[in-house]
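Novice: If you want the building blocks of each chain, they are given just below.
Number of protein chains: 2
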Amino acid sequence: MTKPHILVCNDDGITAPGIANLIEAVKDFGTVTVVAPDSPQSGMGHAISVGKPLRLYEEKLSHNRTGWACSGTPVDCVKLATGVLMKQKPDLLVSGINHGANSSISVVYSGTMSAAMEGAIEGIPSIGFSLCDFSHSADFTAAREVVQKIVAKALDDPMPKGSLLNVNIPSLSLDQIRGIKITRQAVGRWVEEFDQRVDPYGRNYYWLTGKFKIEDEGEDTDEWALANGFVSVCPVQFDLTAHHALPFLNHWHLKLK
Amino acid sequence: MTKPHILVCNDDGITAPGIANLIEAVKDFGTVTVVAPDSPQSGMGHAISVGKPLRLYEEKLSHNRTGWACSGTPVDCVKLATGVLMKQKPDLLVSGINHGANSSISVVYSGTMSAAMEGAIEGIPSIGFSLCDFSHSADFTAAREVVQKIVAKALDDPMPKGSLLNVNIPSLSLDQIRGIKITRQAVGRWVEEFDQRVDPYGRNYYWLTGKFKIEDEGEDTDEWALANGFVSVCPVQFDLTAHHALPFLNHWHLKLK
Numbered sequence: 001m002t003k004p005h006i007l008v009c010n011d012d013g014i015t016a017p018g019i020a021n022l023i024e025a026v027k028d029f030g031t032v033t034v035v036a037p038d039s040p041q042s043g044m045g046h047a048i049s050v051g052k053p054l055r056l057y058e059e060k061l062s063h064n065r066t067g068w069a070c071s072g073t074p075v076d077c078v079k080l081a082t083g084v085l086m087k088q089k090p091d092l093l094v095s096g097i098n099h100g101a102n103s104s105i106s107v108v109y110s111g112t113m114s115a116a117m118e119g120a121i122e123g124i125p126s127i128g129f130s131l132c133d134f135s136h137s138a139d140f141t142a143a144r145e146v147v148q149k150i151v152a153k154a155l156d157d158p159m160p161k162g163s164l165l166n167v168n169i170p171s172l173s174l175d176q177i178r179g180i181k182i183t184r185q186a187v188g189r190w191v192e193e194f195d196q197r198v199d200p201y202g203r204n205y206y207w208l209t210g211k212f213k214i215e216d217e218g219e220d221t222d223e224w225a226l227a228n229g230f231v232s233v234c235p236v237q238f239d240l241t242a243h244h245a246l247p248f249l250n251h252w253h254l255k256l257k
Numbered sequence: 001m002t003k004p005h006i007l008v009c010n011d012d013g014i015t016a017p018g019i020a021n022l023i024e025a026v027k028d029f030g031t032v033t034v035v036a037p038d039s040p041q042s043g044m045g046h047a048i049s050v051g052k053p054l055r056l057y058e059e060k061l062s063h064n065r066t067g068w069a070c071s072g073t074p075v076d077c078v079k080l081a082t083g084v085l086m087k088q089k090p091d092l093l094v095s096g097i098n099h100g101a102n103s104s105i106s107v108v109y110s111g112t113m114s115a116a117m118e119g120a121i122e123g124i125p126s127i128g129f130s131l132c133d134f135s136h137s138a139d140f141t142a143a144r145e146v147v148q149k150i151v152a153k154a155l156d157d158p159m160p161k162g163s164l165l166n167v168n169i170p171s172l173s174l175d176q177i178r179g180i181k182i183t184r185q186a187v188g189r190w191v192e193e194f195d196q197r198v199d200p201y202g203r204n205y206y207w208l209t210g211k212f213k214i215e216d217e218g219e220d221t222d223e224w225a226l227a228n229g230f231v232s233v234c235p236v237q238f239d240l241t242a243h244h245a246l247p248f249l250n251h252w253h254l255k256l257k
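Same order as they appear, the protein sequences are chains A and B. If you're matching positions, the first sequence starts at 1 in the working numbering and goes up one per residue. If you're matching positions, the second sequence starts at 1 in the working numbering and goes up one per residue.
Okay, chain A solo, but in the shape it has when bound (with noise of 0.2 Å):
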């Protein structure tokens, strides 16, 4: 078999030390090309540049590798990988190891996670991983554990078409972690509170702030896991279609005329 080639990228910027402590956990599973932001994406979501140029600069990394900064967001950072930089669809796609974590709704504005849909949307086998702590000193010795557990199932037993992993894990040594559960994305939001500010000219300004709020009591999710002391894998789908309310909206009879 072929060595397998694993395409890196993330959304806290190709110098943040989630994703060398990613690079790390990976290199030795085969051939890795990093593509990352130049500058912090943080709650980039889904974002992708329309109507503006982007661009791609060559990168000195720790080790002696070199990876490549983008201009534009983590899901140009996967298109211009696939699109321009790679000569073949890579074998796995992993993103992060994001700063902070991306469990419940925060699936939905995480530009960690958009990047690893980005891949599967592609078709190919993607993860995002996520370590529960903002900080930039955080401690990335377990999560590189993880990561490798969990990279070697994903290369030996490729996940299901359609599907892509949101891994969260929790900030915890790894004699704390108390295993690995698979969950469902729990039902909770974030709640604004706007941080209303007066500038120097008179005008208002807004900072978005907001408090999550979990509204859900299951002990199957990957909220539950997580406060539990457990890595939370979470399988993600680009399938948006409410399923469920296919046979409501049929009741509804629209009719034009």
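Hints in this document: simulated from the structure, not taken from any laboratory. Just so you know, not all the hints are guaranteed correct.
Under the rule of at most 20 Å between Cα atoms (straight-line distance), these lysine to aspartate or glutamate pairs were calculated in the EDC-like manner [as the list claims (entries may be wrong)]:
1. B:Lys-89 / A:Glu-215
2. B:Lys-52 / A:Asp-199
3. B:Lys-161 / A:Asp-239
4. B:Lys-3 / B:Asp-157
5. A:Lys-255 / B:Asp-175
6. B:Lys-87 / A:Glu-192
7. B:Lys-213 / A:Asp-239
8. A:Lys-52 / B:Asp-38
9. B:Lys-257 / A:Asp-175
10. A:Lys-52 / B:Asp-199
11. B:Lys-87 / B:Glu-122
12. B:Lys-257 / A:Glu-145
13. A:Lys-87 / B:Glu-192
14. A:Lys-89 / B:Glu-192
15. B:Lys-52 / A:Asp-38
16. A:Lys-161 / A:Glu-122
17. A:Lys-213 / B:Asp-239
18. B:Lys-255 / A:Asp-175
19. A:Lys-255 / B:Glu-219
20. A:Lys-255 / B:Asp-157
21. A:Lys-52 / A:Asp-38
22. B:Lys-153 / B:Asp-91
23. A:Lys-89 / B:Glu-193
24. A:Lys-211 / A:Glu-193
Quick partial rundown of chain A residues pointing at chain B, CB under 10 Å, derived from the structure [as the list claims (entries may be wrong)]:
25. Asp-76
26. Lys-79
27. Val-84
28. Glu-145
29. Tyr-206
30. Val-233
Where is the CB? At the ideal position from N, CA and C, for every residue including glycine.
Place chain B on chain A using the hints.
Specialist: Same frame as chain A, but now just chain B:
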């Protein structure tokens, strides 16, 4: 019953003809609040503004109406509308009318649909409308009629919680439209074809272009409906869990130690 309060937003910007037509279509159903980006935000997906402050400006619209232009993304608009501008949660959110289709996988890139999804996440019945015509001078006559039919139903008999609607309207006259189909999201993707150029300083840059490729022969999809002259009404959800993949993943028997 008190008059319903309707929040109107879009991704093409507050001056786009599509939003003017949407306001016109819904104005008689209740009290209308308009909050839309101050510049085009197509392809913004579910991006939010992290680390930069947001502005809101009062804007004069046609027919002596007033709206709010926001410096952020479509999702920022919804968050500012419900978090800052509106005293109580709106009874309905409508987003669009987008200039161009948002069928199949385009739903994940679309700012129009992400604004509607944000509404649904906040518990507001929400609908995104798109007309399959990119032109600035598109004829929205039939689209306005479609909006009115669907808004009447949605106010009368709200959709199941956790779902929103993705409505795509073919670029046809009302006489030519064959009816309304309840659909699922077609399997398909955008295949990138980057246009690589060299700037005056000898450096490469890339324009993202692409072709939509359908990979679905079903006659129950949004793409099929549009190709056959029907309005497509597709229910969308923000629980991205790939529930069908859970048994497979449990089969992996992931263990850390």
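Novice: With a cut-off of 20 Å on the C-alpha distance, tell me whether Lys-89 of chain A and Glu-192 of chain B pass.
Specialist: Measuring from Cα to Cα gives roughly 13 Å; hence the hint holds.
Novice: Decide if the proposed pair is consistent with the structure: Lys-87 of chain B and Glu-192 of chain A, CA atoms, cutoff 20 Å inclusive.
Specialist: The hint holds at about 14 Å.
Novice: Does the structure keep Lys-211 of chain A and Glu-193 of chain A at a Cα separation of 20 Å or less?
Specialist: With a Cα-Cα distance of about 8 Å, the restraint between Lys-211 of chain A and Glu-193 of chain A holds, given a limit of 20 Å.
Novice: Within 20 Å, alpha carbon to alpha carbon, are Lys-3 of chain B and Asp-157 of chain B?
Specialist: The hint holds at about 15 Å.
Novice: Just to be careful: measuring from the Cβ of Val-84 of chain A to every Cβ in chain B, is the smallest value less than 10 Å?
Specialist: Where the cut-off is 10 Å and the nearest Cβ of chain B is about 5 Å from Val-84 of chain A, the hint holds.
Novice: Given the hint that Lys-255 of chain B pairs with Asp-175 of chain A, test it: the Cα-Cα distance must not exceed 20 Å.
Specialist: 13 Å, holds
Novice: Does the structure keep Lys-213 of chain B and Asp-239 of chain A at a Cα separation of 20 Å or less?
Specialist: With a Cα-Cα distance of about 16 Å, the restraint between Lys-213 of chain B and Asp-239 of chain A holds, given a limit of 20 Å.
Novice: Does Lys-257 of chain B pair with Asp-175 of chain A here, judged by a C-alpha cut-off of 20 Å?
Specialist: The given pair, whose Cα atoms are some 9 Å apart, holds under the 20 Å limit.
Novice: For the pair supplied as a hint, Lys-255 of chain A and Asp-157 of chain B, is the alpha-carbon distance within the 20 Å limit?
Specialist: 15 Å, holds
Novice: Between Lys-87 of chain A and Glu-192 of chain B, does the CA-CA distance stay at or below 20 Å?
Specialist: 14 Å, holds
Novice: Assess, step by step, whether the Cα of Lys-52 of chain A is no farther than 20 Å from the Cα of Asp-199 of chain B, and give holds or violated.
Specialist: 13 Å, holds
Novice: What's the verdict on Lys-89 of chain B and Glu-215 of chain A, does the C-alpha distance respect the 20 Å limit or exceed it?
Specialist: Holds, at about 18 Å.
The structure meets every hint from the earlier list without exception.
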